[in-house]
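Peer 1: So the chains spell out like this:
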Amino acid sequence: MREITEAVRARIPGAPVKPSRITIFGGGAVTTEYYLPAIEGLGCLASTTVVDVNDRNLGELKHRFPRVASAQAEVDDFLADCAKLTPSSDGMAIIALPNHLHVAASRAALNAGMHVLCEKPLSLEPADCADLRSLATERRRLLKVAMSRRYLPSWKLAKDILLSRQMGAIRSVLVRDCGPFLWRPKSFLFFAPSAGGVLADMGTHYLDYLSTILGPLEPVTYTDDARGGNESSLRYVLRAESANVELVLSRLDSTGAFIRVTCEKGSVLIDKADENGVWVTQADGKRWRATLDPPFPNPTWPPDFRGSSTIFLPLRALARRRSPTSRTRKR
Amino acid sequence: MLVTGATGFIGGHLIERLSTGDAAIRVTARSPGSCANVARYPVEIAPTDLLDKQQVRAAVAGVRTVYHLAYGREGPEAAMVTIEGTKNVVEAAIEERADCVVVLSTMYVFGFPDSAGPVDESFPYRPYGGEYGRSKAAMERWCLNRARQNSHTRIVVLNPTCVFGPGGAAYTMLPVKLARQGQFCWIEGGRGSCNYTYVTNLVDALLQAAIVPEAAGERFIINDGCTTWRQFLGPLVSPLGDGFPDYTPKELKALPRFGPPFKLRDLISAAATAQEVRRALKRSASVRRLFSGMRDHVLPRVPLWPRRQEVVSAGAADVSAASSLPPDWLALLYGPATSGFSADKARRILNWTPRVAFETAQDETIHWLKDAGYIPDLDHALADAAA
Chain B
1 MREITEAVRA RIPGAPVKPS RITIFGGGAV TTEYYLPAIE GLGCLASTTV
51 VDVNDRNLGE LKHRFPRVAS AQAEVDDFLA DCAKLTPSSD GMAIIALPNH
101 LHVAASRAAL NAGMHVLCEK PLSLEPADCA DLRSLATERR RLLKVAMSRR
151 YLPSWKLAKD ILLSRQMGAI RSVLVRDCGP FLWRPKSFLF FAPSAGGVLA
201 DMGTHYLDYL STILGPLEPV TYTDDARGGN ESSLRYVLRA ESANVELVLS
251 RLDSTGAFIR VTCEKGSVLI DKADENGVWV TQADGKRWRA TLDPPFPNPT
301 WPPDFRGSST IFLPLRALAR RRSPTSRTRK R
Chain Z
1 MLVTGATGFI GGHLIERLST GDAAIRVTAR SPGSCANVAR YPVEIAPTDL
51 LDKQQVRAAV AGVRTVYHLA YGREGPEAAM VTIEGTKNVV EAAIEERADC
101 VVVLSTMYVF GFPDSAGPVD ESFPYRPYGG EYGRSKAAME RWCLNRARQN
151 SHTRIVVLNP TCVFGPGGAA YTMLPVKLAR QGQFCWIEGG RGSCNYTYVT
201 NLVDALLQAA IVPEAAGERF IINDGCTTWR QFLGPLVSPL GDGFPDYTPK
251 ELKALPRFGP PFKLRDLISA AATAQEVRRA LKRSASVRRL FSGMRDHVLP
301 RVPLWPRRQE VVSAGAADVS AASSLPPDWL ALLYGPATSG FSADKARRIL
351 NWTPRVAFET AQDETIHWLK DAGYIPDLDH ALADAAA
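Quick mapping for you: the protein sequence lines, in order, are chains B and Z.
Here my numbering is used: the first residue of the first sequence is 1, the next is one more, and so on.
Here my numbering is used: the first residue of the second sequence is 1, the next is one more, and so on.
Hints in this document: simulated from the structure, not taken from any laboratory.
Warning: the hint list may mix true and false statements.
Lysine-lysine pairs mimicking BS3-like chemistry, simulated, CA-CA at most 25 Å apart [unchecked claim]: (1) 272/B to 177/Z; (2) 272/B to 53/Z; (3) 120/B to 144/B; (4) 144/B to 159/B.
Residues from chain Z that keep clear of chain B, each with C-beta distances beyond 12 Å, as calculated [claimed, not checked]: (5) 53; (6) 212; (7) 216; (8) 226; (9) 239; (10) 249; (11) 253; (12) 258; (13) 286; (14) 371; (15) 374.
These numbers come from a predicted model, not from an experiment.
By construction, the Cβ of each residue, glycine as well, lies at the ideal position given by its N, Cα and C atoms.
So here's chain B without its partners, still in its complex pose (with noise of 0.2 Å):
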């Protein structure tokens, strides 16, 4: 923890390790489901306020979590208020809002004075991306954004080995991910047209993902199943440098999820359903499951994902330690 201070200190003056105060925009499922889990492990629940327009979630939010302080209000009135207080009361900003919110969320608790963890995607334009990462540089605040899947262990085992070279060249990558929508969002504002359907949803984290592995990403076809609505299925053909991209989401059938990357020497599958190994293939046939020992730089954080990863990604990110090896078990 001291090793993150010193470090914290040297890149931003005053930016808290552990914040003083954590501000929830948003009491919907992601937050009563990850973030508030998530904190209350790391000890932080006492310095928690969640900020929701619609009191019936605030209090379902209060039954489950009794120690986190709520607040019934806009987004711009509470942080109107923020404004008046003190620059030693700075603190974080949690952006889980519904995400045609995110820009202007974002941008209000950038000129209060808070660092800012905005949930995916950002914005859908990139505009608004560049706008919101020059306010904080001149705010001198973070700005991160919770791309919380390319934390998972299976997901940076899968990258450690694809960028080693072990397996060699990267070919092609397959991801699907198809099953019937699970997940329960408190507010139909998820559905809105302005929120995207199931490429910012989801889509977001793949394609962010196989950036960090392959590099930019071209379009090369796209087809969705949208009428006038957001798409809850969509095939999306990409081209990297030297491998082909194929993109197959859909929230109504089922027919597997998992990324499937095609290399020289063999493959490497990440199945959905297992965060903490990968498999991989050898070109002979061989077949063996790797997991990540720890599952997370921090030996002390809980082995199944909640996310902890991604409340102090942006202390983490600036600790710079060194990826933990791997422990692979042949078959």
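Got chain B sorted already, so can you dock chain Z onto it with the hints?
Peer 2: Relative to the frame of chain B, chain Z by itself:
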């Protein structure tokens, strides 16, 4: 227009058709989690609990046509949602002076009477299918009675037969899922009558019912045709195997789902070996003395004792066997009744005929099942292998 039940199978197809027109569409939904399909279309989603009159009134406000497809699916309030929810929708439509409410009922309100001729709308109510059939019959009776009391808002009831097609449940995905799990069976060889309606044809009927003035206050059986369950389900399940078992309804019900037949000695043996029973008994000093004597000198000589292992292993085997047995309610769905249903009234008054022929409908359904991964697409797999 308003569509309730739009997040379901038939509702989804109705929305797809309505979205090709110009009219604004509003749909009700109880929770956001069910909206993935309907959100693909340019619709307004109105969060609505059908048992909340205010919410229903708000959903119906300003609407000219209501398609009421929603009903209570599960839970203790299912029947109430079907009956009272429908009343709320119809009353709200009347108060808002909507032109028409088309209410989706079911063939199950007629049951499967033994009749020389086909079942038509003159047949009495003999609801089938437990609470589902009973609540639909009660709902329908109320709607037709209400239609007689009101002259402005037309109320029309449709009674479709077994609706199938892409995304369908009971007559599309269910038999395939059961076949994959090894739980499908024929009932009396599949000889019973399957009265079927392809979902596209049902949507045609819904739209006609909303615009034909003479339909007011009437109910209409919607039925494409009749075949056997063997002919209807065969093409869906045959890619997943052959030699499915065949039972009568009585045989199906009598399958050993809970292990071998009950015997008192099995109960005594199970109790004698149950940890909780032993712990409770051991609290008594007298019992402890008795047990140690029995254990050492008596029990090894009793026939019950060696059966313990047998019962445990037999029980374990039966648990695994029981889990792969066809469910006994299959006889309710794909049973041996041979009633036919007539759609003559719909043809005559609604000017409705099934536009999509059975063979085409079945092909489209199988194609969808393959695309969705429910049944193997052998042609595609062969092509992939060749490539």
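Peer 1: Now look at each hint and say whether the structure bears it out.
Peer 2: The hints, checked one at a time:
1. Distance hint between residue 272/B and residue 177/Z is fulfilled; the C-alpha atoms sit about 22 Å from each other, no more than 25 Å.
2. Of the supplied pair hints, the one linking residue 272/B and residue 53/Z is violated, its CA atoms being roughly 43 Å apart against a limit of 25 Å.
3. Distance hint between residue 120/B and residue 144/B is fulfilled; the C-alpha atoms sit about 10 Å from each other, no more than 25 Å.
4. Pair hint residue 144/B plus residue 159/B holds up; C-alpha atoms about 21 Å apart against a cutoff of 25 Å.
5. The claim that residue 53/Z is not at the interface with chain B holds, since no C-beta of that chain comes within 12 Å of its own (minimum 19 Å).
6. Against chain B, the non-interface label of residue 212/Z holds: every CB pair exceeds 12 Å, the least being about 27 Å.
7. Distance check for residue 216/Z against chain B: the nearest CB is about 32 Å away, which clears 12 Å, and the non-interface claim stands.
8. Against chain B, the non-interface label of residue 226/Z holds: every CB pair exceeds 12 Å, the least being about 30 Å.
9. No Cβ of chain B comes within 12 Å of the Cβ of residue 239/Z; the nearest lies about 16 Å off, and the non-interface call holds.
10. A cut-off of 12 Å between C-beta atoms confirms that residue 249/Z is not in contact with chain B; the least separation is 31 Å.
11. At roughly 31 Å from the closest C-beta of chain B, the C-beta of residue 253/Z stays outside 12 Å, upholding its exclusion from the interface.
12. No Cβ of chain B comes within 12 Å of the Cβ of residue 258/Z; the nearest lies about 31 Å off, and the non-interface call holds.
13. No beta-carbon of chain B is positioned within 12 Å of the beta-carbon of residue 286/Z; the least distance is around 50 Å.
14. For residue 371/Z, the shortest C-beta to C-beta distance to chain B comes to about 7 Å, within the 12 Å cut-off, and the non-interface label is violated.
15. Not every CB of chain B is more than 12 Å from the CB of residue 374/Z (nearest about 8 Å), against its label as outside the interface.
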